[in-house]
Structure formats: C-alpha cells, structure tokens
Amino acid sequence: TQLLEQSPQFLSIQEGENLTVYCNSSSVFSSLQWYRQEPGEGPVLLVTVVTGGEVKKLKRLTFQFGDARKDSSLHITAAQPGDTGLYLCAGDVTGQGGKLIFGQGTELSVKP
Amino acid sequence: DTAVSQTPKYLVTQMGNDKSIKCEQNLGHDTMYWYKQDSKKFLKIMFSYNNKELIINETVPNRFSPKSPDKAHLNLHINSLELGDSAVYFCASSQDLRNYGYTFGSGTRLTVV
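Read top to bottom, the protein sequences are chains F and W.
Going letter by letter, the first sequence gives residues 1 to 112 in the working numbering.
Going letter by letter, the second sequence gives residues 1001 to 1113 in the working numbering.
Treat the hints loosely; a few may be bogus.
Once the Cα atoms are required to be at most 30 Å apart in a straight line, the calculated DSSO-like pairs of lysine-lysine come out as [unchecked claim]:
1. W:1009 with W:1036
2. F:59 with W:1067
3. F:57 with W:1044
4. W:1019 with F:70
5. F:111 with F:57
6. W:1009 with F:57
7. F:56 with W:1009
8. F:56 with W:1067
9. W:1036 with F:70
10. W:1067 with W:1044
11. W:1041 with F:56
12. W:1044 with W:1009
13. W:1040 with F:57
In case anyone wonders, no lab produced these hints; they're calculated from the structure.
Bound-form chain F, shown alone (with noise of 0.2 Å):
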C-alpha cells in the first residue's frame, strides 16, 4: 500500500512568518502535486513537479521535489492571512490510470 506521510497536520502562525510543510514517502512518484482547499471547495492545483530535484516558485511558494522522487516540500516566505486553507500533496503512480495517492493535510492557519 502506497502512503505518503504529511506533516504537520495542523499549523498556526503569525503573519509574516515562514513555514514548511512535508511530504514523505517509500515510494517513487512520477509527479507530486500540491493543492490548495479552502471550506465548502474542491481542491485548487498549485503546482506539478515531475523531475527530480526540482524546484518551482510561485511568488511566496517555493515547491521541491525530492532527487529521488519520493518526498517534496512547500516552503511559505512571509506568510499571510490569505494563505490560510488545507495544503495537499498527492502523488502520481506510473501505470495506476492517474491515480492520486494524497497526503492526510496541513491545516494552515495564519492570524494577522
């Protein structure tokens, strides 16, 4: 059974402090996904990476995959109120017809 571990589960911060999140796992990914849910809403893709050792940013979000492609990380710079919601990994399986295995969830939440 594939798992990927995430962590922490909850996080409560100060605006304009930095965070990281984690995601780790025994299995290889031929990509890893972030997304983003906010209450009442589907999950929003963030971002896809899918080689490994890379990194992507999105203005305050800095995303890495892991070299060997079973662990990836979502680094917040400075965060804010709006960042607030449920951050999810998932990972692609090679070969399971698109299959996402997510992570349990970070419950971010930031006070101004």
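Following the hints, complete the assembly by docking chain W onto the known chain F.
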C-alpha cells in the same frame, strides 16, 4: 463557465435510499475521477474513467456504480445508502492518464441519516 460542475452540492437522505450525483466537465479532458473525502479531510480515489472506459475501481462496494455516458460526464449512483457513506464526494478530471494535475468540482456533501 464552470470547468467541473457537480450536482447536487448537498444531499441529505435516509438509510436505505438510492441517490445519484452528476458530474460534467467542459475542459475537453479525457480522464475523470470520483474521490471520497472523509471527516478527517483525507481524499481517496474510488473510480477513474478514460474516454468512457472504466480504468480504476478501488475496492469500492458494489452499491456504488459509476456511469460515463460520454467523456464529459461521469455520474455516481449509490444504492442502499448506509450511515458510513456520509462524506464529501468530489469529481475531478485530468487531461489524460499522464495526469499533470486534476481540476476538481466543488464537491457533494452527502449526509445519510
């Protein structure tokens, strides 16, 4: 101009009833999915379809029957609803099986009483 739309948004029903959730995407994607999100926000795949063909059936009870009349639609019918079926069900699509990212619908919150 919603990309992936699913209806209804909320569904409250009694145990033993049969209900359906509909999903449509206007993105021209080949692959569609049903996911279940439990009370702890964990998302787990139920089914995937590619160009109307069933690709994944993830050991879901056979009370759940998906149907894809064409590649833009994927509906989910549930027979004999049980309390444990209460969850949020999400429809999603991706361009094809290579899956560089999903577009999700806004979810259907099913409550079985």
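Hint by hint, here is what the structure shows:
1. As the CA atoms of residue 1009 of chain W and residue 1036 of chain W are separated by approximately 14 Å, the hinted pair is consistent with the 30 Å bound.
2. For the hint linking residue 59 of chain F to residue 1067 of chain W, the alpha-carbon distance of about 40 Å lies beyond 30 Å, and the restraint is violated.
3. Proposed proximity of residue 57 of chain F and residue 1044 of chain W is supported: the alpha carbons are some 28 Å apart, at most 30 Å.
4. A threshold of 30 Å between alpha carbons decides the hint, and for residue 1019 of chain W with residue 70 of chain F the separation of about 39 Å lies outside it, so the pair is violated.
5. With a CA separation close to 23 Å, the supplied pair residue 111 of chain F and residue 57 of chain F stays within the 30 Å bound.
6. Proximity of residue 1009 of chain W to residue 57 of chain F is assessed by CA-CA distance (about 34 Å); at most 30 Å being required, the pair is judged violated.
7. For the proposed pair residue 56 of chain F and residue 1009 of chain W, the alpha carbon gap of about 34 Å is over 30 Å, so the pair is violated.
8. With a C-alpha separation of about 37 Å, the suggested pairing of residue 56 of chain F with residue 1067 of chain W is violated against the 30 Å cut-off.
9. Our distance criterion of 30 Å between C-alpha atoms is met by residue 1036 of chain W and residue 70 of chain F, whose separation comes to about 24 Å.
10. Restraint check for residue 1067 of chain W and residue 1044 of chain W: satisfied, since their Cα atoms lie roughly 19 Å apart, inside the 30 Å limit.
11. A threshold of 30 Å between alpha carbons decides the hint, and for residue 1041 of chain W with residue 56 of chain F the separation of about 26 Å falls inside it, so the pair holds.
12. In summary, the hint linking residue 1044 of chain W to residue 1009 of chain W is supported, as the alpha carbons are separated by about 19 Å, within the 30 Å threshold.
13. For the proposed pair residue 1040 of chain W and residue 57 of chain F, the alpha carbon gap of about 29 Å is at most 30 Å, so the pair holds.
Comparing the model with each numbered hint stated earlier shows that hints 2, 4, 6, 7 and 8 do not hold.
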